[in-house]
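As they're listed, the protein sequences go chains A and B.
My numbering applies: residue 27 is where the first sequence begins, and numbers increase by one.
My numbering applies: residue 42 is where the second sequence begins, and numbers increase by one.
I should point out that these hints are in silico values taken from the structure, not numbers from a laboratory.
Since we're looking at a predicted model, the values are computed, not measured.
By construction, the Cβ of each residue, glycine as well, lies at the ideal position given by its N, Cα and C atoms.
A hint or two may mislead.
[Stated by the list, open to error] If we take Cβ atoms under 10 Å as the criterion, some of the chain B residues that face chain A in the derived model are: (1) V110; (2) P116; (3) E117; (4) M128; (5) K209; (6) W242; (7) V246; (8) E250; (9) N253; (10) D257; (11) S410.
[Stated by the list, open to error] Computed beta-carbon distance windows for the label pairs: (12) B:E250 / A:I191: 42 to 52 Å; (13) A:P155 / B:E394: 35 to 45 Å; (14) A:L195 / B:N253: 22 to 32 Å; (15) B:E394 / A:L338: 35 to 45 Å.
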Amino acid sequence: MKADVGTPVVKSGVGELLRLPPFGRRFGGAAEYVVIPALALFGSLVLFGIFVALFGKNPLDLYFYMYQGAFGTWFSWQNTLTRAAPLILTALCTALPAQLGMVIIGGEGALLIGALAATSAALALPGAPPLVVDVAMAIAGMIGGGLWIMLAGALRQYRGVNETISSLLLVYIALAILNYLVEGPMRDPTSLNKPSTPEIGAANMIGSIPGMDVHWGFVFGIIAAILSYILIYHTVFGFAARVAGGNIRAAKVVGLSVGKLILIICFLAGAAAGLAGMMEVAAVQGRTNANLAAGYGFAGILVAFLARQNPLAIIPVSILLGGIGASGGLLQRRLGLPDASVLVLQGMIFVMVLASDTLYGRWSFFKDKAS
Amino acid sequence: MNFDRISRRRILQGTAAVTLGSALPLRNAFAATTTVGFIYVGSRDDYGYNQAHAAGAAALKKMADVKVVEEEKVPETDAVEKTMESMINLDGASLLFPTSFGYYNPHMLKMAAKYPKLRFEHCGGLWSPKDPKNAGSYFGYIDESQHVAGIIAGHMTKSNKLGFVAAKPIPQVLRNINAWTLGARAANPKITTQVIFTGDWSMPVKEAEATNSLVDQGVDVITCHVDGPKTVVENAAHRGIFVTGYHVNQSVLAPKAYLTGAEWNWEVLYPRFVKMFTSGETLPNFYRGGLKAEVVKVSPYGDMVPEAARKHADDVKAKLIAESYIIFKGPIADNKGKVVIAADVSRGQTDPELEKMDYLVDGVIGATS
C-alpha cells in the first residue's frame, strides 16, 4: 500500500482515489473491530461444522438449518428477536461495570429481584390504569435490580470484596428470596402445583411491537444500549468511568470520585437487568415464579464479552446469540443433534472471540503506516 | 416438496432461498402425514420425567403416517412458545405435546388461542372451561403405583425406617409421599418415612446428599419424586440399601437394589390419543387415569422381593384396577395429629380435594413448610 507515496497528480477518478490515504489509515481502526470478530465467528462455524461432521451429519445441512431456523423466514426472525430481547438488557449488566474494570456476572440475580419488585408494584396498585401500573413496574424493577448490583459494587468499594464472586453469590440469594416469597408470603393460593405470585392482570400486560410477535423488551433493550453507549463514550461521566477503568490510582490522583462512579455504574447495570426482569413479567409470564430463572442473566455475560463490552455491539451480538438459540430447535428436530450441541457452538464462539483478542493491532493491513 | 433433499442446493441459491423459503407453504410439506411435536423441559435420557415422555413419543414413531418432532431442554419461558410455533410453521405440526408443567399457563394457552385449528395437549395442567377448546390436559394417578411400591417397601424394610427424597411440598408430590407411606404402613404399621425436600426439580447434588443422609440415619428403603431419579437410585444402590423407582424403570441402573417402581405408561396413552386425533375424534379436554386406564404402571418386582410381599402388592393392585380399593380412606390423620380425612369419608381418585393436598400423613417425618 505504497501507492500514495509520490504518485503524480492526475486529474482522473483513479488518481483522486490513489491520492487518498490507504484503506488501513482511513478505516483500519473500525474495520479491525468488525473483521476480527467476523473471522472468529467464521472460524468457530467451520470448527462446529467439523465437529458435526464427526457425528456423521452433513455440515452443509447444518449451516442451512441454522440459517433457516434463525433468519430464513419472517417467523424465524421473530423467534430470534424474541430471544435476543432479554439478552441486550442483561448484557448491559456486565458491560457497564466492565468500563470500570469490574467483572460483574450477577445479572441473573438483578433480573429476579427486578421481576419481584415489578410484580410487587403491580400487585400494590390494583385497579390503577395500565399505563400507571406499567410505569410503576418498570421503575420498581429498575430500582430493585439496580440496588442489587449496587450492593456488589458497595461491597467492593467499602469492604474490598471481589465483585465477581459477590455478584455471583448474590444470584443464589436472589433465587432463594424469590423461592421463599413465591412459595410463602406472595403465593397465590390457587397456584397449586406451580407456586406463583398472583397474576398482574391481562390489562396490565405489555403487548407486542405492532406488526410482529416480538415484545417491547427488544425496543427498550436497544434504547438502553444506545443510551449506555452515549453515556460511556460521549459524556464527561463516561470519560471519568473509562479513566477509572484504565487506571484507578491515576483516576484518584486527578480527583475523580471513584466510589461514586462504582456505585452509579453498578446501579445502572443492575437497573438494565432489573428492567429485563420486569419485561419478562409484564410481557411474557404475567406473574413471578421459578420460570423466571431461565438463565438470561448468565447468557448476558457471554453476550457482553463477545461484544467486547461495547454497548452498541451488544445489539448485533444479542441477535446473533438469539439466532443460535432459535436455530437450536431446528438442529434438534432435523439433524437429531442433542440440545448440548448449541452450547458447544456457543463455547467455540466464545473461545475463538476471546483468543482473537490477541490479533488486534498485529495486522499491518489495519495500521496506519505513515505514523 | 421435500425440504431435506434439496437443502444443499438451497444454500448455493443463497439469498434467493430466503424469499423462496418464506413464500412456500411449508406446512404442506408433510400433508399426507400427521406431525406430532413433543417438547421436554429436560434431557430426553434423564431416566426420569422427560424420558418417560420420550418413550411415549418413541411409541408413536412406529405408527404409519405419523411423524414425530422433538425438542429437549426448552425452558418454561417464551422460548417454548417459539418452539411450538417453530414446530407449527417449519415442521407442519398439528398436534403438540408440551410436557412440562410450567408450559401450560400462559405459554400453551396463548398458542392454543393463536392457532385454534391445531390441537394442544398438556401433561399435568388443570384445564378449565374458560381455557381454549383446542387445548387439553391429561395426567395419571401415579399415586396408585406409588401405593403398590410402598407395600413392597414396607415388606422389605428391616430398620422400619423409609426415606423419601422430594422436590417441593406441592400437592402432586405430597400425594405420592402419602400414598407410598400408607402402602408401607398397610404392610408394616411400625414404619416411618423420613422426607427431605430438595427445593427444586433437578438438584443432583442435593439429591445425593439427601440420600446419603437418609442412609446414615438408618433408612434402608428409599424412593423419590424429582425429575431425574438416577442420582437417588445409584446412590442408594452404592450404599447398599433398597430403592423403589419413579417415572420410568430404573432397574438397569441398580439391578440388585431396585425393588419395583411407579412408572408412567405414556407409550400406551400417546398412541391412543394420536389414533383418536387422526381418525377425527375430539380429544378430551380433561383426562385423568390410573392403573385401570393404563396411564401408569408398576415396574416388575426385583428378584429379591419375596413371595408374600408380591402377593400383597399384586392383591392391592388388582383391587385398584377393579376400583374396589381406595387409598385415601378415612380415618386419616396428618403427622401433627389432626384428622384430615374423617372416619366416614372416602376420597376416591377423582376427588378434587386430593388435588389440593397440603399435609403429610401420620408416619411421615417432615414438614410441608
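Range hint compliance [Cβ, P155 of chain A to E394 of chain B, 35 to 45 Å]: Taking Cβ atoms as reference, P155 of chain A and E394 of chain B lie about 40 Å apart, which means the hint holds.
Per-residue hint verdict: P116 of chain B, partner chain A, C-beta under 10 Å: Interface hint status for P116 of chain B: holds (4 Å vs cutoff 10 Å).
Cut-off 10 Å, beta-carbon criterion: hint that V246 of chain B touches chain A: With a minimum Cβ separation of about 13 Å from chain A (threshold 10 Å), the hint on V246 of chain B is violated.
Supplied contact hint for K209 of chain B, tested at 10 Å Cβ to chain A: holds, 7 Å
Restraint check, 10 Å cut-off on beta carbons, for V110 of chain B near chain A: holds, 4 Å
Chain A contact restraint on W242 of chain B - CB to CB distance below 10 Å: holds, 9 Å
Distance restraint hint 22 to 32 Å, applied to the beta-carbon atoms of L195 of chain A and N253 of chain B: holds, 25 Å
Residue hint M128 of chain B, partner chain A, criterion CB-CB below 10 Å: holds, 7 Å
Interface hint compliance - S410 of chain B to chain A, C-beta minimum distance less than 10 Å: Hint holds; S410 of chain B Cβ to chain A Cβ min 7 Å, cut 10 Å.
E394 of chain B versus L338 of chain A beta-carbon gap, inside 35 to 45 Å or not: Because 58 Å falls outside the window, the suggested range is violated.
Status of the N253 of chain B interface restraint (C-beta, 10 Å, chain A): N253 of chain B check fails; min Cβ-Cβ to chain A is 22 Å, beyond 10 Å.
Interface hint status, E250 of chain B versus chain A (Cβ within 10 Å): violated, 16 Å
Consistency with the previously given hints fails for numbers 7, 8, 9, 10, 12, 15, ordered from lowest to highest.
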